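Colleague: Residue numbers (the working numbering), protein chains in the order written: chain A, 12 to 320; chain B, 24 to 820.
Mixed in with the good hints, there may be bad ones.
[Stated by the list, open to error] Have a look at the derived ranges for each label pair, beta carbon to beta carbon:
(1) Leu225(B) <-> Glu217(A): 27 to 33 Å
(2) His90(B) <-> Glu217(A): 15 to 21 Å
(3) Ala223(A) <-> Trp63(B): 48 to 54 Å
(4) Asn292(A) <-> Lys122(B): 29 to 35 Å
(5) Glu70(A) <-> Arg82(B): 19 to 25 Å
These are computed hints drawn from the structure, not numbers from a lab.
For clarity, every value in this text was computed on a predicted model and none was experimentally measured.
C-beta atoms are modelled at their ideal positions from N, C-alpha and C, and glycine is treated no differently.
Listed below are the residues making up each chain.
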Amino acid sequence: MFGTTLNKSWLMSLWCMAFALGPGTSGAEGILVVKSQNSPPINQSLEGFRGVWREPVREVDLRGKADSKEVVNSIRDVRPDIVVAFGPQAAEASRGSVGEVPLLFVMVANPAKRGLEGRNIGGISLNIPAIMQFTNYTNVVRNLKKLGVIFDEKKTGDMIKEAKAEAARIGIELIGVSVSSQRAVGDALKTLLEQKIDALWMVPDETVVTPASFQFLQRETSRNKLPLLAAAEIFVEKGALASLSVDYGDMGRQAGEIASQIIKDRKSTEGLKTVSPAKLNLAINLETSRHLGELVNQDAVNSASRTYP
Amino acid sequence: MNAPQSQAPPARPRVRLSLKWQVIAFMCLLVLAVAFTLSWYFLQQSSFILTGKFQAKARLLAETLAHSAESELFNMELYQTAPEEVEEHLGVFIDSLFKERSVIRVLIADKYGAVVSDRSQPGFGETQNEIMHRATEHAFSLVTNVVAESIHYETAGNEDLFLIAVPVLLENQGQLGSVRIIFSLANTQADIRKSLLTGASLALAIVALGIVLAFIFGQRALAPIQGIADAASKIAGGDLAQRVEVKRQDEIGVLAHAFNHMAGSLGQMTHGLEEKVGQRTEELRRVNAELLRATQHKSDFVANMSHELRTPLNAVIGFSEVLREQMFGPLNAKQEEYVTDILTSGQHLLSLINDILDLSKVEAGKMELELGVFDLRKLLENSLIMVKERAMSHGIQISLDIGDGIGLMEADERRLKQVMFNLLSNAVKFTPDKGRVGIGARIVGNMVEISVSDTGIGMSKEDKPKLFGEFQQLHTGLTDKPEGTGLGLSLTKRFIELHGGEIRVDSALGKGSTFTFSLPFKSMSSQLILPAVQEPVLWRLPDNLSSATPKILVIEDDPKAADIFRIYLSEAGYIVELAADGAEGLRKVREWSPDAIILDVLMPNVDGWEFLNLLKADPATKDLPVVIASVTDQKGKGFAMGAADYLIKPVQKDELIKKLGALHLGGASRPRKILIVDDDPETVERVSASLEPEGFQVLKAYGGEQGVELAHKEKPDLIILDLLMPGTNGFDVMERLQSSTQTNSMPVVLFTVKQLTAEDKQRLKGVDAFAAKQAFERGNLIGIVNQVLNRDSGEGI
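Okay, chain A solo, but in the shape it has when bound (with noise of 0.2 Å):
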């Protein structure tokens, strides 16, 4: 009898501790968030990923550096399922220290470009895919059908090709002109004011959009009636009509629901891949669709999530 009732006691504790120990824990937190630094946007987005993940997770601020060390550190204490890095340094720093525990990265532009590619490791880009751009400005700019675009061919020239490609989808002619510094964008602006094109689309390329550029840009495009759409809510804020911006706080969300299929999955990675922002934001200024008129559709105007000035 003795013996019996040992023997079920040890079971019962085994028991409990397997329980204790169970799936999903493994003596760790679960999810490590790793964040490039302490800023709004990043901020934004962890509330978002917070209001989906509600159980503890693990924090570590880079505070801008991608130092890889404090991570390592982290995954080795806390050994978590899953780590989540938000912004570009968060993701790099990660890149190389997680091993085989999955990867979500989010708020990062151009993923590939910074190796955040693998088995393991997915996220939610920064990048807008053009369809979803060239989708929203239609209902900007009355009549859209020529849209004008310069471009460095070495540094953007596949993604224009690939949004040429995206434009037609949906009936636009996406018309580039390339150039290789910032002093041919005058001439080439001209070219497309040639052509006669509705609108001109500014694309985050380092040779052609600086602060010198874009001002000569806005200033030209706004003499001529041309809408300008931005490639950054900055600069719809100096005077661009529009840009599309991603919303980081449901980025977050986003990356939650991610984050918990991965886990629910018990940390199977098939679904994890690199995907676009779910929600954008519409900036609209509003003196430049006023200078514009009937250019702009005023319902697009009106259902903007952020006007300027």
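With chain A held as given, fit chain B onto it using these hints.
Modeller: Using the frame of chain A, we list chain B on its own:
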């Protein structure tokens, strides 16, 4: 007249701070003020400029960095450039910033405030985190497009830091981020300190230079003035040869020239004045000498004239008195009248001579007061008596109003009597019949004011100025011709002024006059005080005298005067011998052994002084009493040489006999006569019985009338008078005795039972002592009698 004393030059005022030092001090203060003000201003400006320069440089650096960071932050915003790339791209520029020594930390942040780059100089970093945090917050609160204001904090190590925050803007709009630079102010502050030190040193150098220049200027510019001041001081001290060396050709040179010129002129003027003063002084000396000689001549003349006038006057008065007293047979009425006229005229002339002599003495400054203590109240009372008879004859009322406190005082009693007599005589003379004359006396402070007022004719304003002039007499209209010598008021004024008093007159024509004079008054003790005049030596009778009748030797060169003396003395019961000069006098002293000598002074051969000297030198004769009788008044000399008494010729008989009587010559052969006047025979006998054993010769009168008669006839040495008598009572007796010149000087002891009232005392003026009958004691009375007799021995007009 004394020459004015020369005055010593006034003492040079003490110079507390010379002009030179005043100027130097002023200039130094001015330099200090200017240097300080300018230094402070320039140092302030320097500090301001240095600080401004620093801030401008800081701003330039920050703005340059912000401009450089614009494209990097733009790329970071647009292309998500890694912060490391940004820092790497900006690193070169940031490193170049640290070449500026004062830059200790550079921080670049994105538009969210996230740090993109944070670099520090070695040693700086963590300590400024809090500052950076506060500055960041502040910078974010600023409006874009505006460079952040600099914020200044002090660290715990008291190191001053300077923080500047500049927004990084996209084409001056749209904030991409911010740039913050922390500067250390140590270098700037060091530069400021260095500038301050340089400025302060410069200021000090300027001040020092200014002080030196001030000193040099003060010395050069004002030394000549000091020289002029010194020269002026020496000139003031009497050295008129002082001159100032002139080197300057400015205002000071002009001053020095003018000073020298003035000093020269002063010297010449002084020299001229000195010569003139010398001449004038010599002239004055000569004039003074002449005046002195003239004065001496006048005094000698007056003395000689006095002698020449007195000598015949002596005979005129003396013989007319002798005739009037009918010593050589009766006179008829006419003869008596003429003799009286001769006597009166002689006495008037004598009075004139005396006055002139007195006036001469006063003018010569040789009049000496014979100060003594006497009862002023009594003197004033006696003064009234002097004029009472004449006043009563004209129906003029006389009054006496003496205030409280009037009693013994010290003055020349004889002169004061003379003054009172003069004023009262004038008052009576110038008051018509039925008028009033009054004497008033009161104490005012430390003076006694005595007034003689009358209801007479008064005088006009024009007459007042010449009132006290010599030989001035006002015509009254009351008499046919002016009376008196015309010197009375002049002498009165001088006598009063000699006492230290003054006299004034209040008068109006037709409204009477009041003469008021003041004398220093100091209340003396009430005890009986002997007169201060030199006491005649009490003589001891020579031992070899045996004769009962005293022998008097008269040494007189004037036969007439000698004859008069002989008559007076013989009539008085003396044995008389004459000597014509001092030599004969000496011989007769040895041969005849007189009991006393009447000695003239001005005699040929051996004069009176020589005689007296020889007499005193001989032990056998030195104790012989000598009464000098001279026309000159040299009492002091006479008493000093041992004279027993001194009489001024012409000598009144009574006066002579009295003086001789006081010598107590011949022991009991010349007893003192005391007259007792009392209606009670018992009292008379009792008093007589008390006196006779004492050697007194007692005369008895049993009534007032008899008493007056006996007084005139027997001329007693003292009268003991009862008051309450039928008929002529004691008051009447006193009144009649006082009204007669023959009896008014007789001492009277009142012997009565009556308690005297104030009014009684007023009426009994002239009584010398009082003895109460009811408290009669023989010893007391004898004492009073002796006291009065002894006190009276020195008195005389």
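Colleague: Evaluate each hint against the coordinates.
Modeller: Against the structure, the hints:
1. Leu225(B) <-> Glu217(A): 27 to 33 Å: Cβ of Leu225(B) to Cβ of Glu217(A): about 59 Å, so the range 27 to 33 Å is violated.
2. His90(B) <-> Glu217(A): 15 to 21 Å: Given about 19 Å between the Cβ atoms, the range holds.
3. Ala223(A) <-> Trp63(B): 48 to 54 Å: Since the Cβ atoms of Ala223(A) and Trp63(B) sit about 50 Å apart, the hinted range of 48 to 54 Å holds.
4. Asn292(A) <-> Lys122(B): 29 to 35 Å: Roughly 45 Å apart at Cβ, these two residues miss the hinted range, so it is violated.
5. Glu70(A) <-> Arg82(B): 19 to 25 Å: About 39 Å separates the Cβ atoms of Glu70(A) and Arg82(B), which means 19 to 25 Å is violated.
In summary, the numbered hints that this structure violates are 1, 4, 5.
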